[in-house]
Structure formats: structure tokens, C-alpha cells
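Q: Chain by chain, the residues run as shown.
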Amino acid sequence: MERISTNMMNDDMQYQLRNREAMLNDMQNKIASQRRILSPRDDPAAAANSTRYQSYLARLSRYANNIQYAMDKHQTAEGYMRETVDIMQRIRELAVQGANGTYTKSDLQSMGQEVNQLLGELVKVGNSRSPDGTTIFAGLLTRNEPFREVMGNVPGAEGQVITNVQYVGDIGHNKTDISDVATANVNFPGNRVFWAEQQQIIPSVNATGYVVQHDSTIYLDNVPVDLKAGDNVYAIMQKINDSAAAVKASLDPVSNAMVLQSTTPHQIWLEDGPNSSTLKDLGVANATNGNPPRNVATDARVYGGSLFDMVIRLRDAMYSGNTLDVGGSALRGIDDGLHNLLGNLGRLGAESERLDLTLKRTEAEIPDVTGQNSHLVDLDMTKAITDLRMLEYTHQAALQTAARILPPTLLDFMR
Amino acid sequence: MLSTFTGIEIGKRGLITTTVGLDTVGHNLTNASTEGYSRQRVELQAAEPLTIPGLTRPVTPGQVGEGVEVERIARVRDQILEGRIVAQNNNQGYWEQKDKYLQMVEQVYNEPTDQSVRTLMDKFWDGWQQLSLYPEDIAARQTVLKRGQTLLDGIKAQYHSLDQIRTMVDTEIQVGVSQVNGLTRQIAKLNEEIAKSQAAGDNPNDLLDKRDLLVEKLSNYINITVSGKDPAEFNIHTAGFQLVQGRVALPFKLAPDQNNEGFSKVVWADTNETVHFKGGKIAAFFDLRDKDVRGEIQNLDNMTVNFVDLVNGIHRKGYGLNGQTGANFFVERPGVLNAQGNFDQSGNGTFDHTYLFRMTGTNALDAQAQVGLRGTITLPGASGSVSVEYYPTDTVHDILARVNNSGAEVVAQMDGDGHLSMKAATSANTDNPDFVIRHVEDSGQFLVGYAGILRASGAQGAYDWAHANAVTSLRGDGGAAVPAPAAASRTGTPQVQPAVDYQVAPLLHPSGWMAINEKIVQEPAAIAAGLGKDGRAAEPGDGSAALAIAHLRNQPVMVGQIATFDDYFANSVANIGLKGEQASQALNTQKLVMQNLRNLRESISGVNVDEELAQMIKFQHGYDAAARFVTTVDKMLDTIINRMGV
Numbered sequence: 572m573e574r575i576s577t578n579m580m581n582d583d584m585q586y587q588l589r590n591r592e593a594m595l596n597d598m599q600n601k602i603a604s605q606r607r608i609l610s611p612r613d614d615p616a617a618a619a620n621s622t623r624y625q626s627y628l629a630r631l632s633r634y635a636n637n638i639q640y641a642m643d644k645h646q647t648a649e650g651y652m653r654e655t656v657d658i659m660q661r662i663r664e665l666a667v668q669g670a671n672g673t674y675t676k677s678d679l680q681s682m683g684q685e686v687n688q689l690l691g692e693l694v695k696v697g698n699s700r701s702p703d704g705t706t707i708f709a710g711l712l713t714r715n716e717p718f719r720e721v722m723g724n725v726p727g728a729e730g731q732v733i734t735n736v737q738y739v740g741d742i743g744h745n746k747t748d749i750s751d752v753a754t755a756n757v758n759f760p761g762n763r764v765f766w767a768e769q770q771q772i773i774p775s776v777n778a779t780g781y782v783v784q785h786d787s788t789i790y791l792d793n794v795p796v797d798l799k800a801g802d803n804v805y806a807i808m809q810k811i812n813d814s815a816a817a818v819k820a821s822l823d824p825v826s827n828a829m830v831l832q833s834t835t836p837h838q839i840w841l842e843d844g845p846n847s848s849t850l851k852d853l854g855v856a857n858a859t860n861g862n863p864p865r866n867v868a869t870d871a872r873v874y875g876g877s878l879f880d881m882v883i884r885l886r887d888a889m890y891s892g893n894t895l896d897v898g899g900s901a902l903r904g905i906d907d908g909l910h911n912l913l914g915n916l917g918r919l920g921a922e923s924e925r926l927d928l929t930l931k932r933t934e935a936e937i938p939d940v941t942g943q944n945s946h947l948v949d950l951d952m953t954k955a956i957t958d959l960r961m962l963e964y965t966h967q968a969a970l971q972t973a974a975r976i977l978p979p980t981l982l983d984f985m986r
Numbered sequence: 005m006l007s008t009f010t011g012i013e014i015g016k017r018g019l020i021t022t023t024v025g026l027d028t029v030g031h032n033l034t035n036a037s038t039e040g041y042s043r044q045r046v047e048l049q050a051a052e053p054l055t056i057p058g059l060t061r062p063v064t065p066g067q068v069g070e071g072v073e074v075e076r077i078a079r080v081r082d083q084i085l086e087g088r089i090v091a092q093n094n095n096q097g098y099w100e101q102k103d104k105y106l107q108m109v110e111q112v113y114n115e116p117t118d119q120s121v122r123t124l125m126d127k128f129w130d131g132w133q134q135l136s137l138y139p140e141d142i143a144a145r146q147t148v149l150k151r152g153q154t155l156l157d158g159i160k161a162q163y164h165s166l167d168q169i170r171t172m173v174d175t176e177i178q179v180g181v182s183q184v185n186g187l188t189r190q191i192a193k194l195n196e197e198i199a200k201s202q203a204a205g206d207n208p209n210d211l212l213d214k215r216d217l218l219v220e221k222l223s224n225y226i227n228i229t230v231s232g233k234d235p236a237e238f239n240i241h242t243a244g245f246q247l248v249q250g251r252v253a254l255p256f257k258l259a260p261d262q263n264n265e266g267f268s269k270v271v272w273a274d275t276n277e278t279v280h281f282k283g284g285k286i287a288a289f290f291d292l293r294d295k296d297v298r299g300e301i302q303n304l305d306n307m308t309v310n311f312v313d314l315v316n317g318i319h320r321k322g323y324g325l326n327g328q329t330g331a332n333f334f335v336e337r338p339g340v341l342n343a344q345g346n347f348d349q350s351g352n353g354t355f356d357h358t359y360l361f362r363m364t365g366t367n368a369l370d371a372q373a374q375v376g377l378r379g380t381i382t383l384p385g386a387s388g389s390v391s392v393e394y395y396p397t398d399t400v401h402d403i404l405a406r407v408n409n410s411g412a413e414v415v416a417q418m419d420g421d422g423h424l425s426m427k428a429a430t431s432a433n434t435d436n437p438d439f440v441i442r443h444v445e446d447s448g449q450f451l452v453g454y455a456g457i458l459r460a461s462g463a464q465g466a467y468d469w470a471h472a473n474a475v476t477s478l479r480g481d482g483g484a485a486v487p488a489p490a491a492a493s494r495t496g497t498p499q500v501q502p503a504v505d506y507q508v509a510p511l512l513h514p515s516g517w518m519a520i521n522e523k524i525v526q527e528p529a530a531i532a533a534g535l536g537k538d539g540r541a542a543e544p545g546d547g548s549a550a551l552a553i554a555h556l557r558n559q560p561v562m563v564g565q566i567a568t569f570d571d572y573f574a575n576s577v578a579n580i581g582l583k584g585e586q587a588s589q590a591l592n593t594q595k596l597v598m599q600n601l602r603n604l605r606e607s608i609s610g611v612n613v614d615e616e617l618a619q620m621i622k623f624q625h626g627y628d629a630a631a632r633f634v635t636t637v638d639k640m641l642d643t644i645i646n647r648m649g650v
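For the protein sequence lines, the chains are A and B, in the order given.
Mind the numbering: the first sequence is residues 572 to 986 in the numbering used here, read in order.
Mind the numbering: the second sequence is residues 5 to 650 in the numbering used here, read in order.
Please note that the accuracy of each hint is not assured.
[What the hints assert, rightly or not] Only pairs whose alpha carbons sit at most 25 Å apart, straight line, appear in this in silico DMTMM-like list of lysine to aspartate or glutamate:
{"no.": "1", "chain 1": "B", "residue 1": "LYS537", "chain 2": "A", "residue 2": "ASP813"}
{"no.": "2", "chain 1": "B", "residue 1": "LYS104", "chain 2": "A", "residue 2": "ASP614"}
{"no.": "3", "chain 1": "B", "residue 1": "LYS127", "chain 2": "A", "residue 2": "ASP949"}
{"no.": "4", "chain 1": "B", "residue 1": "LYS537", "chain 2": "A", "residue 2": "ASP852"}
{"no.": "5", "chain 1": "A", "residue 1": "LYS954", "chain 2": "B", "residue 2": "GLU585"}
{"no.": "6", "chain 1": "A", "residue 1": "LYS799", "chain 2": "B", "residue 2": "ASP370"}
{"no.": "7", "chain 1": "B", "residue 1": "LYS595", "chain 2": "B", "residue 2": "ASP291"}
[Said to hold, decoys possible] With beta-carbon atoms standing in for the labels, derived distance ranges:
{"no.": "8", "chain 1": "B", "residue 1": "ALA161", "chain 2": "A", "residue 2": "ASP657", "range": "55 to 61 Å"}
{"no.": "9", "chain 1": "B", "residue 1": "ASP370", "chain 2": "A", "residue 2": "GLY691", "range": "51 to 57 Å"}
{"no.": "10", "chain 1": "B", "residue 1": "LEU582", "chain 2": "A", "residue 2": "ASN846", "range": "54 to 60 Å"}
{"no.": "11", "chain 1": "B", "residue 1": "ALA51", "chain 2": "A", "residue 2": "ARG589", "range": "48 to 54 Å"}
{"no.": "12", "chain 1": "B", "residue 1": "LYS150", "chain 2": "A", "residue 2": "GLU936", "range": "26 to 32 Å"}
{"no.": "13", "chain 1": "B", "residue 1": "LYS150", "chain 2": "A", "residue 2": "ASN846", "range": "39 to 45 Å"}
These are calculated hints, taken from the structure and not from any lab test.
Quantities reported herein were computed from a predicted structural model and do not represent experimental measurements.
Using N, Cα and C, we set each Cβ at its ideal position, and we do this for glycine too.
Generate coordinates for the entire structure from the input sequences, incorporating the hints supplied.
A: Written out as C-alpha cells, the structure reads:
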């Protein structure tokens with residue numbers, strides 16, 4: 572620039588000072604807020620990623636929460652299951668003792684008395700509630716007690732005793748998210764935990780001529796099995812066996828009825844879909860199609876019972892002084908129940924371990940993600956302060972020069 | 005023979021000329037800080053000498069100088085540089101306004117902090133997670149309710165802030181246009197005065213400075229070009245039209261635009277033709293109002309309408325603690341459309357359009373299944389329609405991806421049960437309403453028999469919004485034609501009940517008018533937590549619906565072209581951030597360019613006090629010298645007159 576007008580120096584100085592003051596202000600704001608990104612324009616990509624990290628952090632802490640909740644539920648259930656095991660072991664001791672054959676009938680009856688007490692205790696454990704007031708072993712019916720006692724008279728017993736224990740919960744699983752992709756069960760239907768034997772349903776209807784009339788769905792243990800019009804009993808059995816339900820279907824060689832058998836000890840949960848009548852037609856479910864499990868056809872034979880059935884069988888054998896039964900079928904039933912119970916406990920332990928590991932991973936991930944987010948949006952304090960000092964220094968220099976250059980003109984030297 | 009008094013005359017001329025010089029120095033010095041002032045220079049020339057060649061010419065050695073005279077007083081100005089400043093200035097005006105308002109928009113987002121709509125939504129999902137743990141609990145439902153309300157409040161606040169910015173920008177347009185009209189009027193008036201003055205042979209320097217300043221100010225508002233081709237007439241053009249022609253200025257006028265929510269557009273006052281500015285503040289205001297801020301509102305609307313539809317979709321299927329089902333969690337208030345989406349667009353009292361936001365097919369599909377069909381799907385695009393071909397080897401997923409990438413203003417998505425959903429997106433053109441499916445047509449069977457949305461293929465079977473009861477072209481029960489029933493509803497429309505599940509479009513900005521269903525607010529037990537099974541109410545411990553709603557946050561739900569809600573938030577932040585970054589960088593560059601240009605102009609036209617003072621000394625000495633010369637001549641004359649003793 573060859574010619575400098577008087578205003579130019581002033582204008583330039585103003586322009587530069589304005590810029591510098593804007594930078595100073597920006598830097599001060601950043602230091603005061605401890606953030607590198609005050610508004611998205613400071614680094615759009617980092618700001619966008621930061622929103623993801625922040626949301627992910629919120630999610631992670633929710634997962635940690637959920638896992639904690641699931642673990643609490645598991646712990647409560649485990650506690651009650653251990654108590655059940657203790658009771659069952661005492662019952663087993665009594666059964667072994669009673670099978671000895673050296674006890675008199677009245678001795679056996681008093682043992683029966685004790686087993687009866689323990690049975691009551693077992694039902695209480697089955698109906699126990701977790702600290703939040705919900706029942707643990709009722710499936711999704713968390714407000715109801717899952718086991719209903721039916722009282723009646725039994726030979727040898729004094730007064731009314733429990734003659735049957737019905738499961739009135741359901742088999743729904745409530746799930747909770749433990750990560751973006753994984754869920755965990757938080758409840759334990761009592762008809763699996765407190766079950767002893769494989770269940771078998773043998774209907775009395777000859778199934779060989781049966782053909783499905785229209786496309787429909789049946790549910791076994793809540794698992795849908797889709798049937799097509801024209802399926803015969805073999806196709807139906809094939810589909811049931813291929814489904815995820817722990818139920819096996821087979822044809823009874825004598826009566827040609829379709830027999831359903833559980834493959835793990837639990838109660839089979841039968842249901843015809845909205846436009847299906849297959850289970851009713853095959854004589855598995857009753858015509859009223861009530862809520863499971865009380866919808867098994869009355870003329871079908873059902874084998875395999877719950878833990879309570881086993882204990883009741885033992886008690887009744889004791890009441891009647893039948894040593895053979897005590898040491899035979901009753902003891903075997905108790906063993907089956909105990910075995911299933913321990914199996915369930917083992918599964919629960921494995922599940923708890925998985926939850927524990929997931930929790931550890933999640934809790935380790937939280938500081939990691941926080942760190943990554945911090946890299947994106949947080950301020951490098953050392954650099955910021957140095958930069959600020961540098962800015963202040965240059966600002967002062969600019970101001971001083973301004974003060975020096977601007978005033979003198981030729982006017983100062985004229986008289 | 006020269007006159008005796010020639011010297012006096014020469015001296016007088018010197019005195020007058022130097023006085024003019026000194027006056028100009030004074031004028032320059034006093035105007036040193038005047039905006040738009042350019043320094044003036046007195047241009048001197050030697051006066052006409054004696055003698056002119058001719059017959060009457062005396063026989064003397066010539067020519068004899070006759071002293072000095074002022075040729076003209078010129079302003080020092082580079083008109084080419086002026087042209088560049090005018091050309092660049094509109095950019096600065098444009099980016100200044102963009103930067104300012106985009107900064108405001110960024111502040112509305114409040115990202116990345118923990119006080120944004122995103123964090124409110126995170127809390128909302130978290131509420132459903134909590135409810136899935138305690139499905140039998142009223143307290144967990146209250147949490148969901150309160151967080152839902154907070155979220156809606158946050159969305160509404162964001163909408164209203166954006167809307168406010170839009171209204172502010174609209175006001176700026178109104179003010180800007182009247183300022184432009186004022187400036188052009190002033191320029192035209194100056195043109196008249198300048199022309200008069202120039203006709204008289206004067207140099208109207210100060211008027212020219214004033215006009216240059218006004219032109220520069222005008223160029224801050226709109227993009228203009230100045231043509232100096234015709235020295236007698238000063239012309240300004242904008243957007244290919246003449247804005248100022250000599251002493252005539254053509255004004256602009258504001259006209260409300262029905263298709264743009266009543267915001268005003270700028271038209272020529274005489275022809276009523278719409279003007280499209282390409283630069284300057286006003287172009288920035290239009291871009292902000294009709295593109296940037298509108299886009300932000302559309303994005304927010306889009307997210308909200310999809311969010312509401314998805315949450316409602318699951319909530320309707322779920323059961324509350326009181327066994328109620330089918331209730332929407334969110335409702336639009338006030339809801340305006342009738343159940344079939346029939347709408348009176350022309351306002352003449354009869355339904356003439358169908359406004360649907362979503363239509364969901366009747367058949368459950370497998371995303372990975374090959375469709376084995378061939379055809380062309382026709383959907384509305386930003387301008388005209390978009391065709392999407394599909395071939396027998398395509399999977400359902402392939403076709404959906406093609407539809408979603410086609411640029412159509414309709415997106416396709418599979419819902420949780422595998423049904424195909426077609427959803428309207430926002431529309432790029434302000435003439436089309438947002439969130440309304442305008443056309444769906446399939447020449448083959450994919451949307452017809454396969455997905456079960458349309459009743460028939462081809463143009464006859466197409467769904468088109470441009471008439472009432474268009475829902476009749478959607479698939480009904482069993483695909484049978486719906487007979488016009490004898491019983492008509494109160495409004496006189498036949499009762500049509502297609503089996504296709506559809507959702508009518510929101511009429512107002514969804515982000516501004518969503519509310520939680522009053523029934524749910526009154527009775528939080530109606531908040532669904534469980535899905536139940538086969539039409540049986542959910543058990544109290546069933547948290548499956550709550551979990552399904554919480555899962556929406558991670559699922560590809562297709563908010564317009566964007567897959568998930570996380571993507572939406574990250575995207576909108578990146579988007580506005582990039583716009584802001586671009587604006588602030590462009591503004592800084594433009595400021596520097598303008599600073600350089602203005603410096604260049606100052607270097608040429610600016611007043612330098614030192615320089616002027618030096619000139620002052622020069623002229624002062626000149627005056628002294630001329631005065632001394634007059635004295636000398638006076639002495640000469642004194643000698644002749646008084647001392648020669650004649």
C-alpha cells in the first residue's frame with residue numbers, strides 16, 4: 572500500500588482489536604465452561620459423535636441398573652430356592668428314615684406330620700414375595716400367589732390337610748435389557764422350578780384320521796406352532812418336535828392318540844390359537860379352552876407331577892404307614908424334585924454369573940466412553956491457558972502500539 | 005504590446021487559485037472522518053497564454069503566460085474498485101445474517117450438553133425401561149408420563165424457538181425490503197441532482213460520494229450490478245431486472261404466500277412478479293426462512309411424527325394395568341382431520357383431498373425373502389414423481405432400500421410384525437404439505453397382492469391424495485371391493501373401512517401440537533406395559549410393551565432417510581454445526597476481503613491529514629508568493645506613476 576490515509580490505521584487497528592477480543596472472549600468462555608465445543612459449529616463432527624456418546628452413556632447406566640435389578644431378583648429367587656433345597660433335604664432324610672421299615676405306623680404318622688408341616692413351608696416359600704411386594708415364582712401374574720392349596724381329608728391325618736397344590740401363575744417371562752442386544756429373564760415360573768417329573772399327556776382320541784381344517788396356530792409352552800390346512804397328525808407331530816418348545820409329540824402305539832411329553836421337567840402349557848381347534852380335536856385340551864394349565868382334557872391321562880405332588884405322595888404314604896411306597900415311588904419322586912431343583916439352581920447360578928460379567932463389562936465401559944467423550948468435547952486446559960496468555964500478550968502489544976502510532980501528525984509540529 | 009496591468013491580473017489569479025486550494029484542503033480535513041467521503045484535489049492549469057496565433061497578433065515574442073487557473077476540483081476515486089466493492093459487499097451481508105441466525109438456531113439445540121431434547125428423549129426411553137422392570141407399578145407409570153410430558157415440552161420449546169427465529173427473519177425481510185425501497189428512491193433522487201449539476205458543467209463530487217455510499221449500502225441488502233456504460237444515466241440492476249434507471253426507481257412490494265404458511269414473498273410493485281435474490285442480507289433471510297430454519301423445523305416435525313406414530317403403534321397394542329387397550333399415548337391437539345383423512349384443501353366446503361401419513365400392509369413379510377415379482381413403484385418426489393423398479397430376484401429388503409434411496413418423499417419400512425409401512429416424509433417444495441402421502445402406484449403386484457397395501461396394480465389402482473376417500477384404493481377385507489353402504493355418516497361420506505392400517509396426517513406442525521392423551525394423564529394405570537397374548541389382557545407382571553417401546557430407540561425406524569433416533573440427533577447436530585461452521589468461516593473470509601478492498605479504497609480516496617497539511621503549507625506559500633508578486637507589480641506601478649517625474 573503506497574498511500575496510507577489517516578483513517579486507515581485506525582480502521583485496521585479496530586479490525587484487528589475486534590478480532591483479538593472475539594478470540595479472547597471465546598477462549599475465556601471455553602475455559603470457564605471447561606468445554607472445547609461451545610456450540611456445534613466449533614467442531615460439528617465431534618459434536619455429533621458426542622451426542623451419540625452421551626446417549627450411549629445414559630443407556631449404559633440404564634443397563635447397569637437393569638443388570639443390578641435382575642441380579643437382585645436372581646439373588647432373591649436363589650435364596651428361596653436354597654431354602655426349598657434345605658426343606659427337601661430334610662424331607663428326603665425323613666423319607667429315607669421312613670423307608671427303613673423298623674418304624675411303627677404311629678412313628679410313620681408322626682413323620683408324616685412333620686412332612687406335612689414342611690409341605691406347608693414349601694408352599695409358603697413358593698408363594699414368597701420379593702422386597703418390592705411382587706411374587707417371585709408366578710410368571711407374569713406377579714400380584715398373585717402362584718400356588719393354591721386345596722385342603723381335604725386324608726386317611727391318617729388329623730383335620731384338613733393340603734391334598735393338592737395347583738399352579739395358578741403363568742409361564743410368561745419378563746425380560747430386561749442388559750445391553751443393546753442382549754436381554755435377561757427376571758422371573759422364574761414356579762411350574763418349572765417346583766416341578767419334579769416329566770409331564771406326559773395321553774389323550775383318549777384316535778388321531779390317525781385327523782386333518783387340520785384351516786391354517787392356524789397352536790401354542791405349546793407359549794411357543795407358536797403354525798399348522799397348515801391339510802396337515803395330518805404326523806405333520807403336526809413333526810412340527811411340534813421341530814419347534815422350540817421343550818415338548819415331544821409321539822403317537823401312542825396302542826390307542827393311536829397323540830401323546831405329548833415334556834423333555835425337561837415342567838408343566839406343559841397348552842393353548843389353541845384364535846382360530847384353531849386342533850388340540851381340542853385331538854383330545855389334548857378340553858372343549859371350553861380355559862386358561863392353561865387347567866385346560867387339559869378331562870378324559871386325557873396326565874402323568875408327572877410337581878414337587879408338591881411328590882411331597883404329598885410321601886406324606887400320604889407315611890400317613891397310611893406304607894413303608895414300601897415311602898422308600899419306593901415317593902422317595903424317587905423326592906429325588907427327582909431335588910434333582911430338578913438343583914438343576915434350576917445351577918442354571919440360575921450360571922445366569923447370575925453371566926449378569927455379573929456383563930455388569931463388570933458395562934461398568935468398565937462407562938469410564939471408557941466417558942473418556943472418549945471427554946476427548947471429543949473437553950478442553951485441554953494447559954493448551955487453553957497458554958493460548959490465553961499468548962493472546963493477552965499480543966493484545967497488550969497491539970494496544971500499546973496503537974497508543975503510540977495513532978496520535979502524531981504533522982499538526983503536532985506546526986505552529 | 006502587453007498591458008501594464010497584466011501582472012496584477014496574474015497575481016490576482018494566483019491569489020484566487022491558492023484560496024480555492026486552501027478551501028479544498030479545509031474541506032478535505034474537515035471531512036476526514038465522513039463516511040463515504042473521497043478526498044478532492046484542485047487541478048490547476050496555466051491560464052490561456054498571450055497571444056493566440058492570428059492576424060491581429062502583436063509582434064512580440066510569445067507566448068506570454070497569463071498565470072494560473074483552476075481547471076476543476078476532482079474527487080480521487082477508483083470507479084473500478086468501487087464496482088468490486090459493490091460486487092463483494094452482498095456476500096458479506098449474506099454471511100453476516102446467516103452467521104447470526106444460525107448461531108441462534110445452534111443455541112436452540114443446546115448440544116452437546118445434558119439439557120437438550122435428546123437427553124429428554126433418553127430419559128423418556130429410560131422411563132419405559134424402568135416400567136418394564138416394574139410393570140405392576142403406578143409410580144413407574146408416573147415416571148413415564150412425566151418424562152413424556154417433559155420431552156414434549158422440550159420438543160415444543162424447540163419448535164417454538166425455531167418458529168420464533170423464522171418469524172424474526174420474516175420481520176427482517178419486511179424491514180429490509182422497505183429499506184431497499186428507501187435506498188433506491190434516494191439514489192434515483194441523487195441521480196436527478198447529479199445530472200442537473202453535470203449538465204451545468206460542474207463536478208458534483210459530494211453528491212457522487214453520497215450516491216456511492218448509498219449504492220454500497222444497497223449492495224449489502226441485495227446483489228446488484230452498477231452499469232456506468234451510459235455516462236448520462238446511472239443504472240442499477242438486480243436479478244436481471246432494472247432497479248434504478250436514472251431518476252426512476254422501481255420499488256418492491258411484499259405479498260403473502262399462501263403456500264408458505266402465509267410468510268411474505270417479494271414481488272415487483274408494478275408487475276407483481278416474484279423476485280428471487282441471489283445475494284445480500286435479503287437472500288440470506290429467504291434462505292434462512294425457507295430453507296435452513298424451515299428444514300430444522302421439518303426435521304424436528306419428522307422426528308416427532310415418526311416418534312409419536314411408533315410409540316402409539318406399540319402402545320395401542322399393549323394393555324394398561326386397568327386392562328384397557330387401544331389407547332394412543334400421544335395425540336395431536338387439536339386433531340382436525342376426519343378418520344379417513346379427508347380434507348378440504350380448497351376451502352369450498354367439500355372434501356377434495358385425502359391426507360394420510362402412513363399406510364401399513366395387511367401381509368406379514370420376510371425381509372430376506374425373494375419377491376419373485378417384477379414391476380415399477382411410482383412415488384412422489386421433490387419435483388414430479390419417482391419410479392422404483394423391482395425384479396424377481398430382489399428381496400423385500402432390497403426393494404425397501406431402493407425406495408428409501410430413490411429420493412421419493414415416502415419412506416418404506418417393516419414394522420415389528422413384518423408388515424410393510426409406507427410413511428410420508430417432509431416435502432422439499434413449499435407447495436406440498438409435509439407428512440402427506442401424495443401418490444402410491446405399483447405396476448406389478450408387490451404393493452398389491454404381496455404386501456397388501458393397494459387394491460389393484462396399475463394407474464387405475466393407484467392411491468392418489470387429490471380426491472376425497474382415496475382410502476378406498478387401499479386394500480380392504482379380503483381384497484373385496486367395498487360396496488357403498490346405505491348408511492352414510494353425518495358428513496355424507498360413505499363409510500369405508502379398509503383393512504389396511506393407516507394413520508391420518510398431522511395438519512399443524514406436529515412438534516408444536518403434540519400432547520399426551522388426556523385419558524392417560526387422568527388415569528396413568530392406562531399406560532400399557534404388557535402386550536398380552538392373542539387378545540387377552542396382559543398380566544400385571546408383563547413388561548413386554550414397555551420394553552418394545554424402549555427398544556424403538558435402537559431400531560432402524562426410518563425417520564425420513566435417517567435410520568435411528570440416535571442417528572437423527574447426531575445428524576441434526578452435525579448438520580447445523582456444519583452450517584454454522586461454514587457461515588462463520590465464509591463470514592471471516594468475506595470480512596477480510598472487504599477489509600482489504602476498503603483499505604485499497606481508503607488508500608486511494610481516504611484523507612491523509614499529513615498530506616493535507618503539507619498541501620495547506622504549499623498553498624499558503626503559494627498565496628504568500630502571489631501576494632508578494634502583486635506587491636512587486638504595485639511597486640513597479642508606483643515607480644512608473646510617482647517617481648518617473650513626468
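Q: For each hint, tell me whether it holds in the structure or not.
A: Evaluated hints:
{"no.": "1", "hint": "LYS537/B x ASP813/A", "in the structure": "holds, 22 Å"}
{"no.": "2", "hint": "LYS104/B x ASP614/A", "in the structure": "holds, 18 Å"}
{"no.": "3", "hint": "LYS127/B x ASP949/A", "in the structure": "holds, 23 Å"}
{"no.": "4", "hint": "LYS537/B x ASP852/A", "in the structure": "holds, 22 Å"}
{"no.": "5", "hint": "LYS954/A x GLU585/B", "in the structure": "holds, 22 Å"}
{"no.": "6", "hint": "LYS799/A x ASP370/B", "in the structure": "holds, 18 Å"}
{"no.": "7", "hint": "LYS595/B x ASP291/B", "in the structure": "holds, 20 Å"}
{"no.": "8", "hint": "ALA161/B x ASP657/A: 55 to 61 Å", "in the structure": "holds, 59 Å"}
{"no.": "9", "hint": "ASP370/B x GLY691/A: 51 to 57 Å", "in the structure": "holds, 52 Å"}
{"no.": "10", "hint": "LEU582/B x ASN846/A: 54 to 60 Å", "in the structure": "holds, 55 Å"}
{"no.": "11", "hint": "ALA51/B x ARG589/A: 48 to 54 Å", "in the structure": "holds, 51 Å"}
{"no.": "12", "hint": "LYS150/B x GLU936/A: 26 to 32 Å", "in the structure": "holds, 29 Å"}
{"no.": "13", "hint": "LYS150/B x ASN846/A: 39 to 45 Å", "in the structure": "holds, 42 Å"}
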